[in-house]
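S.K.: Sequence:
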Amino acid sequence: MAKMFGTDGIRGIANDFLTPMLAMQLGQAGAFVLTKGNDHKPTIMVGCDTRISSDMLASALMAGICSVGANAVYLGVLPTPAVAYLTKKYKVEAGVVISASHNAMEFNGVKFFDGNGFKLPDELEDEIERIILNGMKEIKTPIGARVGKIKYRTDAREEYINYAMRKMHCDLKGMKIVIDCAEGACFYTSTEALKELGAEVIALHTNPDGTNINANCGSTHMEELKARVVAENANAGLAFDGDADRMLAVDENGDIINGDQIMAIVGLHMKKEGKLNNDTVVATVMSNLGFFKMCEENGIKYEQTKVGDRYVLERMREIGAALGGEQSGHIIFLNETTTGDGLLSALSLLRVMTETKKPLSELSKIMEILPQALVNASVPNHRKEDYMEYPEIKDAIDALGKKYAGDGRVLIRPSGTEPLVRVMIEGKDKDVIKADAKSLAELIQNIML
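First residue of the sequence shown: 59, per the numbering used here; consecutive thereafter.
Among the clues, some could well be false.
To be verified - Okay, derived cross-link-like pairs now, BS3-like style, lysine-lysine, Cα gap no bigger than 25 Å in a straight line:
{"#": "1", "residue 1": "K225", "residue 2": "K333"}
{"#": "2", "residue 1": "K423", "residue 2": "K234"}
{"#": "3", "residue 1": "K496", "residue 2": "K452"}
{"#": "4", "residue 1": "K195", "residue 2": "K94"}
{"#": "5", "residue 1": "K94", "residue 2": "K149"}
{"#": "6", "residue 1": "K330", "residue 2": "K225"}
{"#": "7", "residue 1": "K364", "residue 2": "K452"}
{"#": "8", "residue 1": "K488", "residue 2": "K423"}
{"#": "9", "residue 1": "K359", "residue 2": "K329"}
{"#": "10", "residue 1": "K330", "residue 2": "K416"}
{"#": "11", "residue 1": "K207", "residue 2": "K147"}
{"#": "12", "residue 1": "K333", "residue 2": "K415"}
{"#": "13", "residue 1": "K460", "residue 2": "K488"}
{"#": "14", "residue 1": "K333", "residue 2": "K359"}
{"#": "15", "residue 1": "K284", "residue 2": "K423"}
{"#": "16", "residue 1": "K364", "residue 2": "K461"}
{"#": "17", "residue 1": "K209", "residue 2": "K149"}
{"#": "18", "residue 1": "K329", "residue 2": "K225"}
{"#": "19", "residue 1": "K359", "residue 2": "K330"}
{"#": "20", "residue 1": "K329", "residue 2": "K351"}
{"#": "21", "residue 1": "K423", "residue 2": "K492"}
{"#": "22", "residue 1": "K351", "residue 2": "K492"}
{"#": "23", "residue 1": "K234", "residue 2": "K415"}
{"#": "24", "residue 1": "K253", "residue 2": "K415"}
Said to hold, decoys possible - Simulated DEER-style distance windows between Cβ atoms:
{"#": "25", "residue 1": "G134", "residue 2": "K99", "range": "15 to 25 Å"}
{"#": "26", "residue 1": "A162", "residue 2": "A289", "range": "21 to 31 Å"}
{"#": "27", "residue 1": "E355", "residue 2": "L507", "range": "37 to 47 Å"}
These are computed hints drawn from the structure, not numbers from a lab.
Just so you know, even glycine gets a beta-carbon here, dropped at the ideal spot from N, CA and C.
Make a model of the complete structure from these sequences and hints.
M.R.: Written out as structure tokens, the structure is:
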């Protein structure tokens, strides 16, 4: 069986791979691993996004938690970073989010946070997985008064809004902002936070029905947001994903501002304020070469990790960095929070705009984006790590590496959450790199399928 945990927890089609039985086992094994050594009945907080399957899976997961003698606190629909924040604030033993982030509605996922609000390291996820694959033999189920119970909270979203506004306070009076909430977990929190800070808010996709999350909206489908920003003569647009742990922006001209550009804008502002610890940012190997060039030109040091915000966070904690993130819009402000937070990212970006009194289009000129082509190859999930074992694929990758040496780069990686091998080529000629990326992705797909 392929490894269950990817770069962002466990993810798959709900009621197919991710069944209620698996969710219950994750609740049992997760509670067992994360509450070892407690001399009191432990508590685990649980939140979810707006998918139709989230109630089913959350109920099963909480049943598992209670069955091993832990209590569960159900927070309901809430952004992933809100669950991380509340887990740490209330000093409970762990937090769990039921969400598949930017994936289509038929998918769902489970991701854990430890008692400090951080995603689990690989070794703890491996232990949870081992217990499940070993038939749950280590799990003991108490009886009587030792069984856990569920508490339901309805005030959690207000707590998160107040926290976000305290951490990234800015005066947004006079600003018109269009936001796309992806019919997801932030349909209320992001809208209310911006309104309370004084902005005129035009909110798109804030009516989730369980089946429309991420459907032609949000940070993976920004065409409507781009057009609406221009039509409304707005100052900016903000696009969140389904669980609101990431955010991409649109400037007043309708041009997308990606995660690299957001980190560049915010990072330079933090450096000028003396808030960029050690003048260092952490990015992934997928970040644009233009971002690294911007850092070098402005006296900012950078470190690169493999793709996945968990790996960015691990390195940030190791070196004490205050800012890190991904091109996809996962941005972490470690002095304020413990995970990627779309709302904090949005408020931080808007704060730079208000304090510098510069439009987003001008701020984004701080870095030049080298053209990038990203093409996905669909492959069997259990073989996606093995693409270099095929001589024809290896030779093609090596040839492209030589072609772009010095003038760009070729990066091939298996997706951490989907049955894909991602082909990214960076270079000067957009048409050439697009053709090369497409050709290589087709080769990988044809050979591996």
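S.K.: With the threshold set at 25 Å, check whether the alpha-carbon distance from K195 to K94 stays at or below it.
M.R.: 16 Å, holds
S.K.: Check whether the Cα positions of K423 and K492 lie no farther apart than 25 Å.
M.R.: Holds - the C-alpha atoms of K492 and K423 are around 24 Å apart, at most 25 Å.
S.K.: Is 21 to 31 Å respected by the C-beta to C-beta distance linking A162 and A289?
M.R.: 28 Å, holds
S.K.: Would the hint linking K364 and K452 be met if the CA-CA limit is 25 Å?
M.R.: Within the cut-off at roughly 20 Å; holds.
S.K.: Mind checking the alpha carbons of K225 and K333 for me, to see if they're no more than 25 Å apart?
M.R.: Holds: K225 and K333 sit about 14 Å apart, inside 25 Å.
S.K.: Against the 25 Å threshold, does the CA-CA distance of K333 and K415 hold or violate the hint?
M.R.: 20 Å, holds
S.K.: Starting from K207, check that the Cα of K147 is at most 25 Å away, please.
M.R.: 21 Å, holds
S.K.: Regarding the pair K488 and K423, is the alpha-carbon distance no greater than 25 Å?
M.R.: It holds: about 19 Å lies between the C-alpha atoms, which stays within 25 Å.
S.K.: Just tell me: holds or violated, for the beta carbon distance of G134 and K99 against 15 to 25 Å?
M.R.: 22 Å, holds
S.K.: Hint check: K234 vs K415, CA-CA at most 25 Å. Holds or violated?
M.R.: The hint holds at about 14 Å.
S.K.: Quick one: are E355 and L507 within 37 to 47 Å, going by C-beta?
M.R.: For L507 against E355, whose Cβ atoms are near 44 Å apart, the range 37 to 47 Å holds.
S.K.: Hinted pair, alpha-carbon criterion (25 Å max): K359, K329. Please report holds or violated.
M.R.: 11 Å, holds
Checked against the numbered hints given earlier, the structure satisfies every one of them.
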